[in-house]
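*Asks:* Letter by letter, the chains look like this.
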Amino acid sequence: MSYEFLQVIWFILIAILWIGFFFLEGFDFGVGMLLPFLGKTDAEKRAIINTIGPHWDGNEVWLLVAGGATFAAFPHWYATLFSGFYPALFLLLVGLIIRGVGFEFRSKDKNIKWRSLWDWCIFTGSFLPALLLGVAFANMAKGIPIDGTMTYTGNLITLLNPYGLIGGLALVALFLLHGINFLNMKLSGEVLERSRRITPIIWLIAFVFLASLVIPTLLITDGYTQKGALIFVAPFAALAALLTAGYLNRAKREGWAFILTGLAVILVPVTYFHIMFPRVMVSSTNPDFSLTITNASSTAYTLNVMSIVALIFVPIVLAYQIWSYWVFRKRISVDSKGLHY
Amino acid sequence: MDPVLLSRWQFTTTTIYHFFFVPLTLGLGWFVAYMQTKYYRTGDEQYRKMTKFWGRLFLINFAMGVVTGIVQEFQFGMNWSEYSRFVGDIFGAPLAIEGLLAFFMESTFLGIWMFGEGKIPKKLHAASIWMVAIGSNLSAIFILLANAFMQRPVGYVINELSNRAELVDFFALLGNFKGWLFIWHTISSGFATASFFILGISAWHILRKKSEKFFKKSFEMAAIVGTVAVISVGLAGHQQGQEMRKFQPMKLAALEAMWVSEQPVSFSLLTIGDLTGRNEVWSLRLPYMMSFLACNNFSCGLQGVNDLEAQYEAEYGPGSYIPLMVITYWSFRLMVGAGLVMLLIGFYGLYLKWKNWPEKWTRWLKWIPLGIGLPLLANSTGWILTESGRQPWIVQGLLKVEDASSPNVSGGMVLFSLLGFLLLYGALMAADIYLLSKFARVDPETEDIEAENMIPSISGSGK
Chain Z
-16 MSYEFLQVIW
-6 FILIAILWIG
4 FFFLEGFDFG
14 VGMLLPFLGK
24 TDAEKRAIIN
34 TIGPHWDGNE
44 VWLLVAGGAT
54 FAAFPHWYAT
64 LFSGFYPALF
74 LLLVGLIIRG
84 VGFEFRSKDK
94 NIKWRSLWDW
104 CIFTGSFLPA
114 LLLGVAFANM
124 AKGIPIDGTM
134 TYTGNLITLL
144 NPYGLIGGLA
154 LVALFLLHGI
164 NFLNMKLSGE
174 VLERSRRITP
184 IIWLIAFVFL
194 ASLVIPTLLI
204 TDGYTQKGAL
214 IFVAPFAALA
224 ALLTAGYLNR
234 AKREGWAFIL
244 TGLAVILVPV
254 TYFHIMFPRV
264 MVSSTNPDFS
274 LTITNASSTA
284 YTLNVMSIVA
294 LIFVPIVLAY
304 QIWSYWVFRK
314 RISVDSKGLH
324 Y
Chain R
23 MDPVLLSRWQ
33 FTTTTIYHFF
43 FVPLTLGLGW
53 FVAYMQTKYY
63 RTGDEQYRKM
73 TKFWGRLFLI
83 NFAMGVVTGI
93 VQEFQFGMNW
103 SEYSRFVGDI
113 FGAPLAIEGL
123 LAFFMESTFL
133 GIWMFGEGKI
143 PKKLHAASIW
153 MVAIGSNLSA
163 IFILLANAFM
173 QRPVGYVINE
183 LSNRAELVDF
193 FALLGNFKGW
203 LFIWHTISSG
213 FATASFFILG
223 ISAWHILRKK
233 SEKFFKKSFE
243 MAAIVGTVAV
253 ISVGLAGHQQ
263 GQEMRKFQPM
273 KLAALEAMWV
283 SEQPVSFSLL
293 TIGDLTGRNE
303 VWSLRLPYMM
313 SFLACNNFSC
323 GLQGVNDLEA
333 QYEAEYGPGS
343 YIPLMVITYW
353 SFRLMVGAGL
363 VMLLIGFYGL
373 YLKWKNWPEK
383 WTRWLKWIPL
393 GIGLPLLANS
403 TGWILTESGR
413 QPWIVQGLLK
423 VEDASSPNVS
433 GGMVLFSLLG
443 FLLLYGALMA
453 ADIYLLSKFA
463 RVDPETEDIE
473 AENMIPSISG
483 SGK
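Note that the protein sequences, when read in sequence, are chains Z and R. Under the working numbering, the first residue of the first sequence carries the number -16, and numbering increases by one thereafter. Under the working numbering, the first residue of the second sequence carries the number 23, and numbering increases by one thereafter.
Simulated from the structure, these hints should not be mistaken for laboratory data. You may find that some hints are simply not true.
Stated by the list, open to error - Computed from the model, here is a short list of chain Z residues facing chain R with C-beta under 7 Å:
1. Pro128
2. Val300
3. Val310
To be verified - Cut-off 25 Å, straight-line C-alpha distance, at most; resulting in silico cross-link-like pairs (BS3-like, lysine-lysine):
4. Lys93/Z / Lys382/R
5. Lys235/R / Lys382/R
6. Lys388/R / Lys313/Z
7. Lys60/R / Lys313/Z
8. Lys93/Z / Lys232/R
9. Lys96/Z / Lys460/R
10. Lys71/R / Lys268/R
11. Lys210/Z / Lys313/Z
12. Lys145/R / Lys93/Z
Unchecked claim - Partial selection, computed: residues in chain Z whose CB lies under 7 Å from chain R:
13. Ala52
14. Phe54
15. Ala55
16. Ile80
17. Gly83
18. Lys91
19. Asn94
20. Ser273
21. Thr277
22. Asn287
Treat the numbers as computed from the prediction; the structure is a model and nothing was measured. Where is the CB? At the ideal position from N, CA and C, for every residue including glycine.
Whenever a hint applies, use it, and build me the whole structure from the sequences.
*Replies:* Laid out in structure tokens, this is it:
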């Protein structure tokens, strides 16, 4: 396979890893954010956690593998991104740490304060990474100050521009909706009714935020000049998917509503990657300073090796992850005897 | 504030902290998998309780290892972007493979193991904990192969044009001899760490006459595995000494604080230097011992730090190529010392089993819980030796640490994140120790419903 082809393939593969991460961890971030508000009793809270209990860790690995694949295939992308977004990534790490530990530690003591502490850690650890990833992706598409040595020259405040913040909040809102749709499929009893009741409100918030992300995305980024009218497809498909999801929610078609929300969620990174391609980090300082799949990439040899590895192992991973969702396909009842703590 | 120095501190602290949990995960997973399989095979209730008791501690520890591990993968890019650019073509591959092969496997199957009981056939349920154990050990293999490249670069060329190291032989990278010595050493340490964890907790219970049968069984199992593991760790370390002589002679000289070349070489039990640290004032030595450690005979010679420094200056230009000797010297002695004490404890445990727990020997049991800390000490000092002995290099002979850090990450930013990690890690350590000691003290025979409810139950009889 030619070098150029491999570089395109790896750009697509990394995009797919991010898309997978947004789809999967998207709903468990949403569930984490809803946890302190939706569950009234401890058993309800436990039931909410248990909807994602067997899955959240595996979902999070998509992020780690996206990072690792970026390191392997485009080391300069990895280096510029991770050193450039240093403070944001530090906060993201803090979030992921307290969240992961929270899931495991929460139930290990009966004390109400102990449990509530970890509930809020799970909340914070779901909200913060969702927000920061949204901010990071919006900025990557918009372009950030990068100099001729592939070094980011801005700071955290540079990233917290209005467009970046809308990108962050929109992702939080979408994940909330994705999460509650997941809960509507998995819960039962009173807590399910409560969850269904607030779904339309969250849907409205998500729709407003997504709409207010789509418009500046088309105006501020250079998507249109780069890709022409084709750039409208993904964002408007996202809006359409969300509208359909709203309708399906009303029709109580919860499985389909979840899939359509998921579609809206993944069309966000699809849009960003579409705008960026073939660049991987867009420089706002000088277009010539942008990192691309050509100047950021590993050698053809390494890309070849990694392609073979991916070809063998990605199908295996997908198979057992899908199987794990199949194993836990049933609804969870709020009955403290039947709950795994 | 020097960002390089602060980044080094951050890497040191977060990595050592991470590695408190990892070896226990590596080893304890095998134990739990074995116990559960044994239960399914024999239907012996004791093994079910053992799976539950040790499995719960395994889970608490596992969570800490996972979350602190994410930091590791991010840090290369965050603090060491120039390093990432220089070796990304090589170093990124094992990291990505680690994620794809190992992280997915351990986390997905852990979820299935925790929640899947009764939902999947029993054999599959037992198989899932085996997958967790295999996955976590696979992860160790790939990260150690990545680290081995930093100690002994193989399978690469330097591309002058792109100014980086590039992979030309993937199988040389996977077959790096240094890496496989690391793997042998580390996986054995995992078994040792888990064994001493089990020994310590079991001894505590046996002394209090709680669930004696349960804990004697656990203790005996751990004594056998632990003794074998400690011997295996030592043998691997011995091989590493010989490898070091050929490829990292400076590290070897520095761990011995040996300034002047000698033949044959004695081993220093205690050396006191003068205030400059460059001259020996007084030293207690074992003759020929260092020759044995480094070459497997009693006669070979070793180059001292002074000669090596002169050689390196000729090869790489002026500068200091000497690691911080007080660290290499003492970390080596602490590691080996801890290992020797562990070996004694292992023999003691075997003796108890062999003589069927004679009364007059069991009073020594009260010291065994302290032994839980010994592998942690040896694991940490081992890594401190390995990594600090490579200084000033980040990749031996190719790239120096001072040239590897992120140019746009300021000292203030690193200080902020370093303090943040210290604070967070301190709080988590308190929570972790609280939980581990709480559940380590539970009596498995009389465990109440409340505690039952808080863990993934390994329930059901052999029906």
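*Asks:* So, for every hint listed, does it hold in this structure?
*Replies:* Structure-based check of each hint:
1. Pro128: Since the shortest Cβ distance to chain R is 10 Å, the answer is violated.
2. Val300: Hint holds; Val300/Z Cβ to chain R Cβ min 5 Å, cut 7 Å.
3. Val310: It holds, given that the least Cβ distance between Val310/Z and chain R is near 5 Å, below 7 Å.
4. Lys93/Z / Lys382/R: violated, 41 Å
5. Lys235/R / Lys382/R: holds, 19 Å
6. Lys388/R / Lys313/Z: violated, 49 Å
7. Lys60/R / Lys313/Z: Violated, because 30 Å separates the two Cα atoms, which is more than 25 Å.
8. Lys93/Z / Lys232/R: holds, 24 Å
9. Lys96/Z / Lys460/R: holds, 17 Å
10. Lys71/R / Lys268/R: violated, 49 Å
11. Lys210/Z / Lys313/Z: Violated, at roughly 44 Å.
12. Lys145/R / Lys93/Z: violated, 33 Å
13. Ala52: This hint holds: Ala52/Z lies near chain R, its Cβ roughly 5 Å from the closest one there, short of 7 Å.
14. Phe54: holds, 4 Å
15. Ala55: Interface hint status for Ala55/Z: holds (3 Å vs cutoff 7 Å).
16. Ile80: OK, holds: Ile80/Z within 7 Å of chain R, min 4 Å.
17. Gly83: holds, 4 Å
18. Lys91: holds, 5 Å
19. Asn94: Violated: closest Cβ of chain R sits about 11 Å from Asn94/Z, beyond 7 Å.
20. Ser273: violated, 16 Å
21. Thr277: violated, 12 Å
22. Asn287: violated, 9 Å
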